[in-house]
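Next come the chains, spelled out residue by residue.
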Amino acid sequence: MSDNRNVKIRVRNLSKVFGNQPKKALELRDQGLGRSEILDKTGQTLGLSHIDFDVHEGELLVIMGLSGSGKSTLIRCLNRLIEPSEGEIVIDGENIPELGEKALLECRRRHFSMVFQNFALFPHRTVQQNTEFGLEVRGIDKEERQRVAREALKQVGLDGWEDAYPNQLSGGMQQRVGLARALANDASVLLMDEAFSALDPLIRGDMQQELLQLQNQMQKTTVFITHDLDEALTIGDRIVLLKDGEIVQIGTPEEILTKPADDYVRRFIEGVDKSRILTAESAMRKVRATVRDSDGPRTALRKMRDHSLDSIYITDRDRHLVGLIEAEAASQALEQGKEKVTQAMTQEFRSVGPNEPLHNLFAMFHDNSFPIAVVDDDRRLLGVVVKGAVLDELAQAAETPELAKSPESVETAPAGDE
Amino acid sequence: MAIELPRVPLGQWIEGGLNWLTSEYSLITRGISRVTQTGITGLNEALMWLPEWALLAIIAGLCWKLANLRLAIGAVAGLLLIWNMGLWEPMIETLTLVVIATLVAVVMAIPVGIAAALSERLYRGIMPILDFMQTMPAFVYLIPAIPFFGIGSVSAIFATVIFSMPPAIRFTTLGIRQVPVELIEAADAYGATRRQKLIKVQLPLSLPTVMAGINQTIMLALSMVVIAAMIGADGLGSEVWRAIQRLRPGDGFEAGIAVVILAMLLDRLTQSLRKSRKA
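Sequences listed follow chains A and B, in order. First residue of the first sequence? That's 100 in the numbering used here, and the numbers climb one at a time after it. First residue of the second sequence? That's 38 in the numbering used here, and the numbers climb one at a time after it.
Same shape as in the complex, but just chain A (with noise of 0.2 angstroms):
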C-alpha cells in the first residue's frame, strides 16, 4: 500500500548498548552471544541491535513491543535524545548520528516534534505557552508563535484554555496541550511516545480517533510506540514489533494477523478482537464469473450453472460494476424475449470497498444473501465475499493461536507412565 511512497527516515543497523564498553559489547553480539550472556560477561546491556526499517512519506508507523522490548529507546535514538551505539538513522539526507551538537539542535527544531507518554506539559506555562514552546526555542517572533499556537489548539479542540494551566485539566486534555505543542511547531515527523497510555480506555479511544482524522488531513509522518497491540492495530499504517530489542516483524496490520512471522507474534496476536482489524479484501474471493453488460440472459444463465451460482455480477468493458441478475431472473427475461441482461438486473446487492472491517459484513448479510461486491474508488470490480467466507475468516483467525499452542498442552499432558 505504502511501499512506493518516498521514504522519510531510513534507519539502518542502528544499535544501542547501555553501559560504558559499547564496543565489546558490540563485538560479542558479532560473535553470537544474545543479550544475557553479554550483560553476564560485560555488564553491558544490548538494548537494541541490528534494527532495520524505513518510515515512508506521510504515513503512521507503530512500533510496538512489551516494556523492556527497547522501544522507548529506538525512539529516543530517532532524535537523540539517546545515544546510538553505532548505525545510520538518515532524515532527507542527513545521517543523525553523526551530527554536531549545533546541526543536531537544527536537524531537532526542523524535524522532529515529540509527544511524551506523562504529557511533560511545563507546569509553569499556560496552555497556550507551552503551545508555543517550540516556537520560542525556535526564535519566532511573538505575534506570529501566538496565532499559531492558538490554531494548533483549536485544531485539538481546545480553543478557550488558553490561559488556563496544565495541572488545572484532566489527563485527556493535558495531552491534547502535548499534541497542540507538537503540531504548533509543524516538524515534518511526529514523535509519540506512548501517547496514549496514561489515559483511561474512553478518552484513549477518542484520541485514537481523533489521531487518525488528523492524519487524515495533515498526512503527517508519524511514528507512535505503544505495548496495546489494539491500539497498534487500530492506528497504524503499518507495525514494527519488537522484541529484546530485535525487530520480530514489520507489516501491515493485516499482514501481522494473518501471518505471524513466528509463534512468538501468534501468541501475541491472541485476544485480538480480529473482526475489528480484518477487511472485506482479506475475506474477498475471485469473482468466477461475470457477465458483460452487452451479454444476453443465456450467456448468464450458461456461466451461472457452469460456475454453479445463483446469480452473477454484470459488468461494462472495463469492469465497472453495473449490477447483479439472479437466475430466476435471467430465465424470465429468456422468456420474455429480453435481449440484454441489464434489462432483468437488480440493485439489490451490498458493494463495499477493500478496506471495510469485516464485522461491517455481517449486517449485509442481514438483508440478503447475495455475495457483497468489493469494488475499488471507481466501482470496478475487486472480488465478492460471500456469508461462509467472513465466518471461515474469522474463525481461521481465532483458531490460530490454537493451533500454535497445541503442541504445548499435548507435551505437558500426564503421560500415564513412570
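These aren't lab readings, by the way, just hints derived from the structure by calculation.
No more than 30 angstroms apart at the CA atoms, straight line, and that leaves these computed lysine-lysine pairs for DSBU-like:
| hint | chain 1 | residue 1 | chain 2 | residue 2 |
| --- | --- | --- | --- | --- |
| 1 | B | 312 | B | 234 |
| 2 | B | 234 | A | 241 |
| 3 | A | 107 | B | 234 |
Okay, the calculated bits of chain A under chain B, using three or more residues with CB under 8 angstroms as the criterion:
| hint | segment |
| --- | --- |
| 4 | 207-215 |
| 5 | 231-243 |
It should be emphasised that the depicted structure is a prediction, and the values quoted were computed from it without experimental measurement. Virtual Cβ for every residue (Gly too), placed ideally from N, Cα, C.
For this one, chain A is given, so just place chain B on it according to the hints.
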C-alpha cells in the same frame, strides 16, 4: 609510655596561609571593606531615617499582601514590643546586617548552585566544602575575619556570608536536579539550547526550592549576625553581649526576644513569598 608522634602543625599552616592572604590581598580586602561599610551605613541610615511608625506600616502592609492579615497583626504586635523595649535601633542594625549578608550570600550562591547542578564533577568537588562550611563552629569564622577586615560590621558580614551560604547553594542544586527528566527531554526534543533549557525550564521549576534555600540562608544569617557581636558588630547581638558582661539576665532576655520576633517575621515572610510563587 605514650609514643611521641610529631604533632601535625595544621593550625600553623592555616595561620601562615591567612597571614599571606592578608598581606598579599590587603588592597582587595580594604576595597571590599570600604564598599561593604558604605552599604551597611547607607541602608542603616535609610531605615533609621524612616520614622518607626512608617517602617511598621510598611512591614505590616508587606505581610498582609504577601501572606495574610494574621501575620500582619503579629508583625505589628512584635515590632511594637521591640519599640517599647527601646530596642528599635539595634533591631534595625541587625536587620541591615542580615539583609546585606543574605544579599551577598545569595548572589554568590545561586550561580555556584546552578553550576554544581549542571556539572557532576563540580558537584562532587563542592559538596565536601559545603559540609565543612556548615559544620565548622560558627565562632571560628570570626577569627580570620578580623585580620582581613578589622573589628566591626564588615567582619561580621564576611563571617555571616560564609556561614549562611551553603543552604542557598545546596537548595539551588537540588531544585535544578529535581526537575523531572521528562521535562528536560521535552525541552531537548524541541531543540532548546542549554541556555534556553536553563532559563525557560530548569530555573523557573526550581524556584520554590531555591526560595526555601534562601529562607534557610536568612535564618542562618540572623543567628550569625547575633554571634558576631563578639567581634564588634552592632545590633541586638551586642545588647545580649553587654547583658552577659554585666550579668543582667533581664536585658539579655529582652534582646533575645527581639531576635526571636525578628526571626519569625523574616521566616514567615520569606515562606509566604515561596508559597505565593508556587500557586
